[in-house]
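Residue numbers (numbering that gives the first Met the number 0), protein chains in the order written: chain H, 0 to 298; chain E, 0 to 298; chain U, 0 to 298; chain V, 0 to 298.
Hints listed in this document are in silico derivations from the structure and should not be mistaken for laboratory results. Treat the hints with care, since some could be wrong.
Said to hold, decoys possible - Dumping the calculated DSS-like pairs for lysine-lysine here, alpha-carbon to alpha-carbon at most 25 angstroms: (1) K3/V <-> K37/V; (2) K156/U <-> K133/U; (3) K211/E <-> K159/H; (4) K133/H <-> K211/E; (5) K211/H <-> K89/E; (6) K242/V <-> K211/U.
Claimed, not checked - Reference excerpt, derived from the structure (chain H facing chain U, CB under 8 angstroms, subset only): (7) P259; (8) A270; (9) A273; (10) G275; (11) G277; (12) S278; (13) R290; (14) L291; (15) G293.
Quantities reported herein were computed from a predicted structural model and do not represent experimental measurements. A virtual CB, placed ideally from N, CA and C, is assigned to each residue, including glycine.
4 protein chains.
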Amino acid sequence: MSFKEPTIAWIGTGVMGAPMCGHLADSVGAVRVFNRTKSKAQPLLDQGAVWCESPAEAAAGADLVFTIVGFPTDVRAVYFGKQGILTTLKQGAVCVDFTTTSPSLAMEIDEAAKQRGAAAVDAPVSGGDVGARKAQLSIMVGGDAAAVDRVHPLLQKLGKNIVHQGPAGAGQHTKMCNQIVIAGTMIGVCESLLYATKAGLDLETMLSSISKGAAGCWTLDNLAPRIVKRNFEPGFAIDHFIKDMGIALAEAARMRLALPGLSLVHQLYVAAAAQGEGSSGTQALMRALERLAGQTADA
Amino acid sequence: MSFKEPTIAWIGTGVMGAPMCGHLADSVGAVRVFNRTKSKAQPLLDQGAVWCESPAEAAAGADLVFTIVGFPTDVRAVYFGKQGILTTLKQGAVCVDFTTTSPSLAMEIDEAAKQRGAAAVDAPVSGGDVGARKAQLSIMVGGDAAAVDRVHPLLQKLGKNIVHQGPAGAGQHTKMCNQIVIAGTMIGVCESLLYATKAGLDLETMLSSISKGAAGCWTLDNLAPRIVKRNFEPGFAIDHFIKDMGIALAEAARMRLALPGLSLVHQLYVAAAAQGEGSSGTQALMRALERLAGQTADA
Amino acid sequence: MSFKEPTIAWIGTGVMGAPMCGHLADSVGAVRVFNRTKSKAQPLLDQGAVWCESPAEAAAGADLVFTIVGFPTDVRAVYFGKQGILTTLKQGAVCVDFTTTSPSLAMEIDEAAKQRGAAAVDAPVSGGDVGARKAQLSIMVGGDAAAVDRVHPLLQKLGKNIVHQGPAGAGQHTKMCNQIVIAGTMIGVCESLLYATKAGLDLETMLSSISKGAAGCWTLDNLAPRIVKRNFEPGFAIDHFIKDMGIALAEAARMRLALPGLSLVHQLYVAAAAQGEGSSGTQALMRALERLAGQTADA
Amino acid sequence: MSFKEPTIAWIGTGVMGAPMCGHLADSVGAVRVFNRTKSKAQPLLDQGAVWCESPAEAAAGADLVFTIVGFPTDVRAVYFGKQGILTTLKQGAVCVDFTTTSPSLAMEIDEAAKQRGAAAVDAPVSGGDVGARKAQLSIMVGGDAAAVDRVHPLLQKLGKNIVHQGPAGAGQHTKMCNQIVIAGTMIGVCESLLYATKAGLDLETMLSSISKGAAGCWTLDNLAPRIVKRNFEPGFAIDHFIKDMGIALAEAARMRLALPGLSLVHQLYVAAAAQGEGSSGTQALMRALERLAGQTADA
Ligand SMILES: NC(=O)C1=CN([C@@H]2O[C@H](COP(=O)(O)OP(=O)(O)OC[C@H]3O[C@@H](n4cnc5c(N)ncnc54)[C@H](OP(=O)(O)O)[C@@H]3O)[C@@H](O)[C@H]2O)C=CC1
Ligand SMILES: NC(=O)C1=CN([C@@H]2O[C@H](COP(=O)(O)OP(=O)(O)OC[C@H]3O[C@@H](n4cnc5c(N)ncnc54)[C@H](OP(=O)(O)O)[C@@H]3O)[C@@H](O)[C@H]2O)C=CC1
Ligand SMILES: NC(=O)C1=CN([C@@H]2O[C@H](COP(=O)(O)OP(=O)(O)OC[C@H]3O[C@@H](n4cnc5c(N)ncnc54)[C@H](OP(=O)(O)O)[C@@H]3O)[C@@H](O)[C@H]2O)C=CC1
Chain H
0 MSFKEPTIAW
10 IGTGVMGAPM
20 CGHLADSVGA
30 VRVFNRTKSK
40 AQPLLDQGAV
50 WCESPAEAAA
60 GADLVFTIVG
70 FPTDVRAVYF
80 GKQGILTTLK
90 QGAVCVDFTT
100 TSPSLAMEID
110 EAAKQRGAAA
120 VDAPVSGGDV
130 GARKAQLSIM
140 VGGDAAAVDR
150 VHPLLQKLGK
160 NIVHQGPAGA
170 GQHTKMCNQI
180 VIAGTMIGVC
190 ESLLYATKAG
200 LDLETMLSSI
210 SKGAAGCWTL
220 DNLAPRIVKR
230 NFEPGFAIDH
240 FIKDMGIALA
250 EAARMRLALP
260 GLSLVHQLYV
270 AAAAQGEGSS
280 GTQALMRALE
290 RLAGQTADA
Chain E
0 MSFKEPTIAW
10 IGTGVMGAPM
20 CGHLADSVGA
30 VRVFNRTKSK
40 AQPLLDQGAV
50 WCESPAEAAA
60 GADLVFTIVG
70 FPTDVRAVYF
80 GKQGILTTLK
90 QGAVCVDFTT
100 TSPSLAMEID
110 EAAKQRGAAA
120 VDAPVSGGDV
130 GARKAQLSIM
140 VGGDAAAVDR
150 VHPLLQKLGK
160 NIVHQGPAGA
170 GQHTKMCNQI
180 VIAGTMIGVC
190 ESLLYATKAG
200 LDLETMLSSI
210 SKGAAGCWTL
220 DNLAPRIVKR
230 NFEPGFAIDH
240 FIKDMGIALA
250 EAARMRLALP
260 GLSLVHQLYV
270 AAAAQGEGSS
280 GTQALMRALE
290 RLAGQTADA
Chain U
0 MSFKEPTIAW
10 IGTGVMGAPM
20 CGHLADSVGA
30 VRVFNRTKSK
40 AQPLLDQGAV
50 WCESPAEAAA
60 GADLVFTIVG
70 FPTDVRAVYF
80 GKQGILTTLK
90 QGAVCVDFTT
100 TSPSLAMEID
110 EAAKQRGAAA
120 VDAPVSGGDV
130 GARKAQLSIM
140 VGGDAAAVDR
150 VHPLLQKLGK
160 NIVHQGPAGA
170 GQHTKMCNQI
180 VIAGTMIGVC
190 ESLLYATKAG
200 LDLETMLSSI
210 SKGAAGCWTL
220 DNLAPRIVKR
230 NFEPGFAIDH
240 FIKDMGIALA
250 EAARMRLALP
260 GLSLVHQLYV
270 AAAAQGEGSS
280 GTQALMRALE
290 RLAGQTADA
Chain V
0 MSFKEPTIAW
10 IGTGVMGAPM
20 CGHLADSVGA
30 VRVFNRTKSK
40 AQPLLDQGAV
50 WCESPAEAAA
60 GADLVFTIVG
70 FPTDVRAVYF
80 GKQGILTTLK
90 QGAVCVDFTT
100 TSPSLAMEID
110 EAAKQRGAAA
120 VDAPVSGGDV
130 GARKAQLSIM
140 VGGDAAAVDR
150 VHPLLQKLGK
160 NIVHQGPAGA
170 GQHTKMCNQI
180 VIAGTMIGVC
190 ESLLYATKAG
200 LDLETMLSSI
210 SKGAAGCWTL
220 DNLAPRIVKR
230 NFEPGFAIDH
240 FIKDMGIALA
250 EAARMRLALP
260 GLSLVHQLYV
270 AAAAQGEGSS
280 GTQALMRALE
290 RLAGQTADA
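The task is simple: from the sequences and hints, build the whole structure.
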């Protein structure tokens, strides 16, 4: 990698993928791009990226292939589909999946890549669209050390806290750990705000008492104020969070691990989605609890 | 209060009460003290506090009466018992209960105090024994403004973040909001660590990836490392936390409010206590989940 | 009891108490009656019962005192109040409480009765208002054998399946066991019907497949058809069921026993009550689940 | 079907499949059989069944193809695998899947069968191995009316309560409704027995009070006595029940339906499996709850 820039392919130019791909293009030059909806790749194409008609076409001849799509089924399609990456991935290439997806699927991709003499890295991120734009993502990395070392310089263009967690799947498992904690903080914060409402407290005054101590958390600092202002815009959308919790629960069941807390929160989010909040931010769990309570926190 | 120091009574000199009472004694001079077990008051007596044989005796003639005992039944005994505060509380006095107890009981005390021409303030605290010793408690205050104003200068000797939350009971309700959030963070953090264990991750490496982002919380920063080191010493004991969650759930049921998340965590803590962890720190929820999982995180 | 009829007092002439008292009056003659609302006792008075102005007055001189009021606080008032039974209960008397109430309270009454040289029996019932009218109640009996033997002939006027379960409180504990099973069947049946609705099944056809096999239960036979017909009339009212589950959970917490299933169902019923279903029948749990699902089963 | 017996293929000769296939063979003569482990088909072969080397070979030329394997992945392999039924299924044939599997998968099979000019029926059963041997299964049927009518005479050789529930998938959905109710009765009965144990009741005496009334259910009549005798043999194995609940929850999440009760029970069963009870009968949920309680019901 010292005297020649690698050829790079990028699949998935949505909310996260577009700015991330932009950072790489800035530093390594022209990137081969594919996205389901071409228009979302247009700004990148305008800056010199090369359009490809399929993941297979993008991956053909590439040294490094980056993907960040939506759901595990999308990942499966992009890698294992008829026009998927694994039909053309060249020997010695490394593919990196940034999508939050199933650890088992990450291991499956790793196996398949190895059978072609290539390698796979799973590298889910956290930090949201803001982190993606500012290149300040936290990146949780799984895969063989050699492959991880090879892509590390490029990951540094995208994030700050880049940690190699272990073999293929370990990045995804770590992201699941992250989401499990968030599920707990979300239910705690929403139930707390609802209790406060029923008890007749002033929500902001209540928050001023509790947010600096042992109850302190990112959710309390960042999402509770939005709930108080009845702002349920995403941030991170409920449908994506349901996907993530579903993955964690499926992995846990596979590993024979009971997670009663996560399971309950997952159900309540499914209820929120059933009530039409799938595209709202995760803080809209509040609304599902309010419907259960027959009362809203802004009454 | 300008030209004459008030006469102060203090009931309850346990882990929290002893250092708190010490701070007041430092600034206002001799305090009239009662505690169920006299020996725990001895250090204060050695510094000049005056021993009384009952809450009633302590409160007799006092301008301000402070209490911090264990459970709501203790509070009830101290105020409403045959030798209770309300048998001697003088007109114009203010009593302040720092115990984490039932908001309904706080309102009951307030009513009873008013019938004697006195006033009551509920002022539960957070910050633990460290906060008590350093006079850095967060204090959540409920009661009539006049009474709260009157005791405010003394509360400032004990804590930093002192917020008047509303009428009698509002301090306790705010403390319940605090505990509800903590219940969520505890289940999230413990299930996350357990998942990580089953998935074969290195726990500290995993924590280094997730603790600075959206999963960030006091519990992750302070209790997760203890769990990793298999340190289940209290901090805050499970039996007390079960009491607090029980109060919150009882109040919620009274207000007709469903809190499914808190309710589940409460049950899991009851299980932990059944397994002998009642005196362990709240992070020992981990152990109950490990027994459910048939696996420990230090395996 | 062979040559002289005992003097009988009866407190509580509501939905259950009125017909039960009527059966006793039919067989043993005039009964001394008290109820909070006198009008509800009028039909009994018209048939020869003697009105008393308080539980104390009714119990004065009685050999046997029967009570069936609503909530544990009512039981406490009726026994321990200023005009309560225990102020006048004569030596050698037996009091029988049919109310579904706290096992701990039953033990407390037993102790207090013994201190007066009397005895107490707890005898909660099941079978509903129909069972009460038809004298076909199931009666779960706790108390000392001698006291239980003494009242057994009269219990036989009220029910069929009369079982002595053990010492004071054992009747109430058995009733709790009954309610715990019902909580499980209720959530199972309601979630099943909701799933069927979402899946587009015809509810009655679905029920015809499942009701005779391993899913078979009283709730499926008796309440599922009411839900299908959108009949949410009580039967047994949600507010009473919430009381019962609250008692069971409080006893369980006291005994350090986690009951995660009961706890969840309790919360969902609290939600139902918050949504205005407190006086509906227990099958109206369906409505709380429907609100969660954003869909009704009759859509 | 009037003048010529249909050619029949049967795949899956396990606990359920072997006796069911035997009944058909008795009435229609030689059956073409495949099973993963040939030895389990030997008794049928001894009675004249014809061994085939794959599902494809069995289905080739068959008029009716019956399957009853274990898990959805097995069903997928048997139908869609390289040697699967759908590679040889002839025009006009009908395949019937008795496996308890995913409704979505049943619809997928139906689509694929139609593309070959054939038809598919989903027909999960209940009644256990006893019902299979006695030909007294309850059969929940989904599929097009013509196909269902065609196989109905043969289903009558296997069961009694045969109900056509609707289009493809409706049979499986109905079976899910059945399992959802059972999940509720299981948690109710186990928690009730555990409560009774902690409360010091005699379990059989307790059961004699509650089993005839509103708490009455198949689980109480059939499994509670086994628990009391510490008999945790299957009946229906926990691993299969976890599979079924997992299918129901996945379908529910897909339909955006929250089932908090089922979800909790599912988690507790996962815990039971983690503790080594996967092959025990479903009543061994008791053991997971006992571990949580730190106490066994036979203490
Ligand atoms: N948003 C956030 O804050 C965070 C998101 N994540 C995770 O990152 C991933 C991406 O999220 P986000 O960017 O918000 O989602 P988006 O839906 O905005 O982006 C996904 C992109 O992938 C494309 N895509 C999906 N399937 C295919 C396919 N088969 N072939 C080609 N392109 C495909 C989509 O195409 P099309 O344009 O046609 O829809 C879309 O442009 C998710 O897994 C999410 O959970 C992680 C951390 C934070
Ligand atoms: N209904 C049912 O299907 C079943 C009920 N039960 C249990 O039986 C008990 C009674 O139920 P039910 O009859 O339906 O309830 P009701 O409310 O109809 O009857 C309760 C009666 O008690 C009276 N009462 C309450 N407090 C006092 C008091 N302090 N002094 C005198 N009388 C008092 C009430 O008076 P007032 O008339 O003024 O309200 C009322 O008449 C409950 O604990 C219930 O859980 C058990 C099995 C089935
Ligand atoms: N047992 C019960 O009480 C009830 C069971 N059911 C359901 O019926 C189904 C069958 O249960 P049961 O008979 O107990 O289970 P078993 O495990 O005893 O039988 C399943 C059979 O299917 C065979 N099989 C699995 N995969 C394949 C494959 N790819 N190709 C060929 N054969 C295969 C197995 O082969 P091998 O011999 O190699 O393992 C085994 O003989 C399950 O879905 C269960 O949930 C429904 C109601 C009651």
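Against the structure, the hints:
For the hint linking K3/V to K37/V, the alpha-carbon distance of about 29 angstroms lies beyond 25 angstroms, and the restraint is violated. This hinted pair checks out: K156/U and K133/U have alpha carbons roughly 10 angstroms apart, not beyond 25 angstroms. Between K211/E and K159/H the alpha-carbon distance is near 11 angstroms, which keeps this suggested pair within the 25 angstroms criterion. Restraint check: the Cα-Cα separation between K133/H and K211/E comes to about 16 angstroms, which is no more than 25 angstroms; the hinted pair holds.
Our distance criterion of 25 angstroms between C-alpha atoms is broken by K211/H and K89/E, whose separation comes to about 37 angstroms. For the given pair, K242/V sits about 23 angstroms from K211/U by alpha-carbon distance, which is consistent with the 25 angstroms threshold. For P259/H, the interface hint holds, since its Cβ comes within 8 angstroms of a Cβ in chain U; the closest pair sits about 7 angstroms apart. The closest approach between the C-beta of A270/H and any C-beta of chain U is roughly 5 angstroms, which is under the 8 angstroms cut-off, so the hint is satisfied.
Because the beta carbon of A273/H sits about 4 angstroms from the nearest beta carbon in chain U, less than 8 angstroms, this interface hint is met. Because the beta carbon of G275/H sits about 7 angstroms from the nearest beta carbon in chain U, less than 8 angstroms, this interface hint is met. With a cut of 8 angstroms, the hint placing G277/H at the interface with chain U is violated, because the nearest CB-to-CB distance is about 11 angstroms. Taking 8 angstroms as the C-beta cut-off, the interface hint given for S278/H is violated, the closest approach to chain U being about 15 angstroms.
Satisfaction of the interface hint for R290/H is found here, the shortest Cβ-Cβ separation to chain U being roughly 6 angstroms, below the 8 angstroms cut-off. Taking 8 angstroms as the C-beta contact cut-off toward chain U, the hint placing L291/H at the interface holds, the least distance being around 5 angstroms. Against a cut-off of 8 angstroms between C-beta atoms, the interface hint on G293/H holds, since the closest Cβ of chain U lies about 4 angstroms away.
The structure fails hints 1, 5, 11 and 12 (numbered hints given earlier, in ascending order).
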